[in-house]
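Peer 1: Make the full structure from the sequences, and use the hints.
For the record, the sequence lines run as chains L and U. So for the first sequence, the numbering used here puts the first residue at 1; every next one is plus one. So for the second sequence, the numbering used here puts the first residue at 312; every next one is plus one.
Where hints are given, some of them may not hold.
[Unchecked claim] List of simulated lysine-lysine pairs, DSS-like, C-alpha gap at most 30 Å:
id, chain 1, residue 1, chain 2, residue 2
1, L, Lys249, L, Lys214
2, L, Lys214, U, Lys564
3, U, Lys477, U, Lys564
4, L, Lys214, U, Lys477
Since the hints were derived computationally from the structure, they do not count as laboratory data.
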Amino acid sequence: MPSAAGPLVLARNLRKTFSSFTAVDGIDFEVRPGEAFGFLGPNGAGKTSTMKMIACASPVTGGELRVFGMDPGTEASTIKARLGVVPQADNLDLELTVRENLLMYARYFDIPSQTARQRTEELLAFVQLGERGGSRVEPLSGGMKRRLTIARALINEPDLILLDEPTTGLDPQARHLIWERLYRLKKNGATLLLTTHYMDEAEQLCDRLIVMDKGRIVAEGSPRELIERYVTREVLELRLADTDGDVLKERLASLATHVEILPERIQLHADDGEQVLERIHALGLPVERALVRRATLEDVFLRLTGRTLVD
Amino acid sequence: MIRALRLVQRNAMVFRRIWAGAIFVSFLQPAFYLASMGLGVGSLIDRGGAVLPGNVPYVAFLAPGLLAGTCMQMASFESSFPITGKMVWERNYEAITSAPMRIVDIVVGELAWVALRLLAVALVFTGVMWLFGAARTPLVLLAIPAAVLTGLAFSAPIIAYAATLKTGANFNALFRFVISPLFLFSGVFFPVSQLPGPLQTAAAFTPLFHGVELTRGLALQTLTWPAFAVHTAYLSGLLTLGTAAAVWTFTRKLRA
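Peer 2: Structural data, given as structure tokens:
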């Protein structure tokens with residue numbers, strides 16, 4: 001058993017390769033009890049591969065990985081008994097009802113039936129599916145299925161909850177409901193480990209995160225720290241009638257901390273966006289549209305990799 | 312192995328919505344076969360003076376063969392689409408292995424479930440045999456474990472195969488070109504000795520032949536000890552190899 005203060009997950013030079021493809025290329029991180037830790041990155045960054053190794057669903061190719069201080073290769077059953085896993089695609093039992101899904105899943109953990117029944121009702125209420133307990137899973141909406149999957153992952157009162165893109169593919173309302181539930185779990189002291197390619201999700205939920213790209217960690221810190229370290233407080237987004245990139249870049253370079261020329265728009269990083277915009281107007285550039293906004297993790301990612309998170 | 316029972320429990324939870332229908336079908340199929348083939352065709356055969364092993368009427372010869380053949384068919388079906396479904400289409404196994412369930416628990420659990428289904432079918436079948444006068448002594452009950460073993464010998468390798476597929480298309484070929492011919496040519500309906508020489512030899516290598524010989528030999532009490540040993544070893548061997556293969560294919564699929 002790890003000491004109370006020890007990390008729940010510890011990775012040192014962790015690697016995962018599939019025949020000729022390197023999914024995770026030597027990453028180091030620690031997940032501490034009680035924090036919400038995120039992996040942010042585009043599709044194919046290695047987030048899911050990392051999650052699968054932690055969930056004991058994929059053997060480690062190289063480096064070291066400890067979950068609750070144990071080796072997933074040799075103590076998978078003990079580790080899994082303390083994990084809650086929400087996979088990327090729902091894998092509910094469509095042949096069982098909503099309630100039966102939880103009751104049956106409790107059996108896999110050898111939870112006594114009295115306890116299982118009690119927890120099932122509590123969890124159905126928690127994910128706001130109390131009314132749907134007796135219905136089949138198939139006709140539920142995407143958001144409801146996701147909530148049921150989250151409830152199922154909580155049936156064993158896990159010490160660590162793994163969520164692989166918990167809100168991908170859901171409509172905004174369903175996403176907010178899930179964020180709200182996850183936020184409440186976090187408030188109650190749960191440790192969350194989640195992957196996402198939505199920066200707003202990472203900003204809402206994560207205390208600390210690592211930004212991944214092509215199997216490597218490109219940055220690590222809290223959302224605020226990352227924004228402060230890699231970008232400015234504000235970003236000015238411009239659309240100009242004349243878009244001759246090189247000439248523009250030269251003219252704009254002196255106005256902002258960093259200039260990013262994208263196919264559709266230009267981004268200028270500055271602590272005071274309005275001030276930069278005034279100077280651009282003064283220069284007489286043909287501004288079609290301008291927007292000053294707060295910098296986000298998306299800007300951090302773009303700054304670090306030159307690409308956007310969601311292509 | 313207690314954990315394997317969890318899977319049996321899961322399948323039973325699904326099955327309890329359809330069990331009445333399933334039992335009814337498992338009663339009707341042998342009843343139809345024994346009425347048409349056993350009594351209908353049997354009356355012609357018995358009048359023609361054919362000598363069958365154990366000198367029994369045709370219906371008594373046919374019934375245990377059909378029992379073995381029916382177990383093969385049922386086990387094969389239960390080990391095909393449902394397994395691929397749980398592996399690929401609904402990804403139930405992915406969910407189950409996220410809990411502290413090992414792959415071997417799942418494979419053994421699925422086999423135990425098939426065994427339970429086979430046992431129920433074989434019991435009903437034996438009752439139908441008794442109704443048709445094809446079961447003469449309580450010793451016919453010995454045929455039940457033989458028929459269950461026959462089914463399991465098919466179940467394990469088919470479970471292993473089903474775990475590798477993405478669609479159900481290949482199963483049609485399996486049923487058309489493997490299971491159906493076996494049902495017809497492995498001695499269910501007539502002694503294999505009636506086949507031309509080379510086909511006889513070929514038949515002797517098929518698993519259903521051994522299942523039919525074992526089941527019939529026990530039902531009619533015509534089995535010698537060496538034959539018992541050979542048939543049991545063949546079927547158990549297939550079950551063991553199939554189980555090992557299934558653990559391997561499941562691991563490849565679930566532990567990438």
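Peer 1: Straight-line Cα separation of Lys214 (chain L) and Lys564 (chain U) no greater than 30 Å?
Peer 2: holds, 24 Å
Peer 1: Has the given pair, Lys477 (chain U) with Lys564 (chain U), been kept, meaning a C-alpha gap of at most 30 Å?
Peer 2: Given that 30 Å is the threshold and the Cα spacing comes to 11 Å, the pair holds.
Peer 1: Straight-line Cα separation of Lys214 (chain L) and Lys477 (chain U) no greater than 30 Å?
Peer 2: Roughly 28 Å between the alpha carbons, so the hint for Lys214 (chain L) and Lys477 (chain U) holds.
Peer 1: Are the Cα positions of Lys249 (chain L) and Lys214 (chain L) separated by 30 Å at most?
Peer 2: holds, 28 Å
When each numbered hint is compared with the structure, no violation occurs for any of them.
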